[in-house]
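Enquirer: Going down the list, the protein sequences come from chains S, R and B.
Numbering-wise (the working numbering), the first sequence opens with residue 1 and increments by one.
Numbering-wise (the working numbering), the second sequence opens with residue 1 and increments by one.
Numbering-wise (the working numbering), the third sequence opens with residue 1 and increments by one.
The set of hints was computed from the structure by calculation and includes no laboratory data.
Note that the coordinates shown come from a computational prediction; the quantities given were computed from them, not determined experimentally.
Possibly wrong hints are sitting among the right ones.
Only pairs whose alpha carbons sit at most 30 Å apart, straight line, appear in this in silico DSS-like list of lysine-lysine [unchecked claim]:
| id | chain 1 | residue 1 | chain 2 | residue 2 |
| --- | --- | --- | --- | --- |
| 1 | R | Lys85 | B | Lys82 |
| 2 | B | Lys138 | R | Lys86 |
| 3 | B | Lys178 | R | Lys86 |
| 4 | S | Lys211 | S | Lys489 |
| 5 | B | Lys138 | R | Lys85 |
| 6 | B | Lys178 | R | Lys99 |
| 7 | R | Lys99 | B | Lys82 |
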Amino acid sequence: MESLVYIALFSPLVGSLFAAMFGMSPKKQITGIVTSILLFISFLASVNLLMYVWENGPIHVKLMDWIVAGDMYIPFGFNVDQVTAVMMTVVTTVSTVVHIYSNGYMEHDKGFNRFFSYLSAFVFSMMVLVMSDNFLGLFIGWEGVGVCSWLLIGFWYHKEDVTRDVNPSISPAWAANEAFIMNRIADLGMLVGIFLIYWNVGSLQYDEVFKAVPSMSHGLLVAIGIFLFIGAMGKSAQFPLHTWLADAMEGPTPVSALIHAATMVTAGVYLVIRANPLYSEIPEVSYFIALVGTFVAIFAASMALVNRDLKRIIAYSTLSQLGYMFAAAGLGAYWVALFHLAAHAFFKALLFLGAGNVMHAMHDELDIFKMGGLKKVMRWTYIYMGVASLALCGIWPLAGFFSKDTILEVAFNEHTYIIWFVLWLTAGMTAFYSFRLVFLTFWSDERYKKYGFHPHEVQNYVLWAMLPLGILAIIFGWFKEDFVEFVIKLLPAYEMSEHTEHMVTTLTVLTMFIALGGIWVAFKMYSERLVRKEKVENSRIYKILSNQYYIPVFYERAISKPYAELSDIAWKEVDMQVVDATVDGIAHIIEDSGEASVQVQSGNLSDYLNWMAIGVILLTILAAIAAL
Amino acid sequence: MIGLGHYLILASILFAIGLVGVIRRKNLLMLFFATEIMLNAANVAFAAISSYHNDLTGQMFAFFIVAVAASEVAVGLGLLILLYKKYGSLDLDDYTMLKG
Amino acid sequence: METFAFYFLAISITILFTITVWSKNILNAMTALAAGMILISGLFFILRADFLGVVQLIVYVGAVMALYAFGMMFFDATGTVKEKNRPNFTVLLLGVLTAVLLVGIFTAPTLINGVPSFYPEMAGATNPQAVGLVLFTKYLVPFEVAAIMLLVAMIAGIILAGKKMDNSISRMSEEELKAQLEKDSK
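Generate the whole structure from the sequences, applying the supplied hints.
Expert: As structure tokens, this is what we get:
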């Protein structure tokens, strides 16, 4: 089994290095094929491991001693337990599909080889993140996915910066830097948390840390919990560090599907799930997490209501669903969070890949107001996206129903009715914006003709590659019972109270009702044709929502601009006037003294001999003094 | 009775004479002579210390100094000849190519 | 007797070397230098360093001075040397200062007494025997190195002073080299 662990972990790395060898050369189909095959191998190994863990329990392997310095001992170990096995399977499934999909999507891109190298490197980092048996390994993977995310968001780095009015993300390079910098801020918090753990426990191994949790003081646990959650907030784009995720849509669409929907952004949720023994001890922090998650859920959903950008809508929906996951994890229902994470990974990746097909067909046009009626030309994409949207809305019997409904039940069960209500409302909004997107893209009048587009369906193998995700988006929820049985060997079981059990049917009906209601409203408004109401679009609320609550602008005015000005002052006043002046002064002194002493170098050997004699005398005097 | 000090003082004086020569003279050949004087002064000191301490190490050093002096003369004189052939002068004041 | 010999030699050597340093005629200077060298070997004999004395005579007076004498043939050595000597003040200052310092240091009692001897002279052996024993056991490697150095110096001397050493074949261009070869063959 040990070799399977290494195969699952290292085959993406091998693929990445292989593709990197051709990084600068023109497109070679072989890189795409090889990385896809290696990813598939990794996927097979992960599924095998899942089976094995199912039957025999967790595997723990130690690759080598990593850091051994004094009392500090950190082995490079990997731990495949129930949670990790689920994460590995999810990651490799989506990755494999995305790799195959990218072969078609990136077909005409100059950076074909480079793209696959980055993508596989990302998968490797993600595997390190989920498989590590200690916090430091997790942090390495954490940073690794951050770097790969940066590389991939900025994949089309050569695009020029434009103003916010033209493109809210300004440019891929800008978006990549934004994502990276925001994550750095959060990672600092996470690093502090890890330091605190090491400081107080003396180890970073999960099992040892969690063994020590009950004996630690409450205040300390709260501090560690908060700092780790700050890290999770950055990676999972929770408020107020959320702006980067929508801008990250500048990356190629497969990247959005893999990194910014299915895997990397869920790393924060994974961290909270992984650290559940810690968070169980600090209910106030957990409750705060739940509140943040709930807020982000409705906050992001509200922005998605009015957005016109195909990918950004899905990105906000991702944010919103991450909020759901955090709400579940914060309320102590860790397995529910994990379940929603997995389900969401499948249908959201599918949704993004479908969006990629649409973009492909529409020549990178993203404005859904310019689409419409595409179901005739893109039947399969329409079906995929419809299924994914239904799953996202939580319509029975698709995957999203089982996970989302359970989250709502949990919120009800915890007597946090406000959270329940907000999440319930969000479910309706989710349904509305999802189907607004579907109807505006695939139904209604064929507006694209006016803009001179000639959409066409993508290659067949791309559609086939999406099939596994489509199936999983439908059937994943049916395995809820097995899933629970599997993961509660590691995660705390969550029992509904009797009162909730009675209410389950009512709650489900309520949820279904609002979801269907949302779809119905969308159907009414958009299925026939696009009607733009001046009054609505000019209203203040619409403006606020479409400008993302002016938060990006606020960040720019309140943080970026003053910081730039401060840097300017530091450069012109401090650096140029003080530091540079000092250094230049030293250089001038040396230069002047050199100018002055150059006449010593007369070129006459006799003079030199004189100087030498003087030196000998001085040294002799020194020797005499020393001898005395 | 002559002590070690006498020899050392003599060696110092001879060395000083050699040094004066090195400082004062501008003719390269004279510089060579002055260098020989300094080397010999060192030899005298070595031999004297060797003798008074009943230790052969000093004499060994003297031998090696003689060997070095011989090689120095062989090479140095060759260079001097070459220099003289090329520029026709042995006066240091005529050679200031390395002026900074 | 020894006292007399020492003072005689010391004063003579000093005078001779002073002549060497001050003389304007190279021949005079060289003669005085050679004479001084011979007298220094006398000092060595007084110090019972017989072998060193003989080496001094053979190498310095025999070889080095002969080399200078031959070298002199290349230079114009008959006339007086015209040179701008350094101002006497500087020379005297530096020279006297050096002399005083060295004398002061050498006569310091700590230096003269209490130095342990590494290779004491063996009882019953003559000086050359003892020198040979030490030189070919303890100082064998430096001795060989010195031999190689002398060989190198000899080759260097021959090459430097040889004919046509002022133009380098390796630095010539093709045409120059051809011209040179033609000239040589004629």
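Enquirer: Give a verdict on every hint.
Expert: Checked hints:
Distance check on the hinted pair: Lys85(R) and Lys82(B) sit about 18 Å apart at the alpha-carbon level, within 30 Å; holds. Proposed proximity of Lys138(B) and Lys86(R) is contradicted: the alpha carbons are some 45 Å apart, above 30 Å. With a C-alpha separation of about 23 Å, the suggested pairing of Lys178(B) with Lys86(R) holds against the 30 Å cut-off. Under the criterion of a C-alpha separation no larger than 30 Å, the hint pairing Lys211(S) with Lys489(S) is consistent with the structure, at around 17 Å.
At most 30 Å may separate the alpha-carbon atoms for a hinted pair to count; Lys138(B) and Lys85(R) exceed this at roughly 44 Å. Taking the CA atoms of Lys178(B) and Lys99(R), the gap is about 37 Å. The hint is violated against a cut of 30 Å. About 23 Å separates the Cα atoms of Lys99(R) and Lys82(B), which keeps this hinted pair within 30 Å; it holds.
Hints 2, 5, 6 from the list above are not met by this structure, while the remaining hints are.
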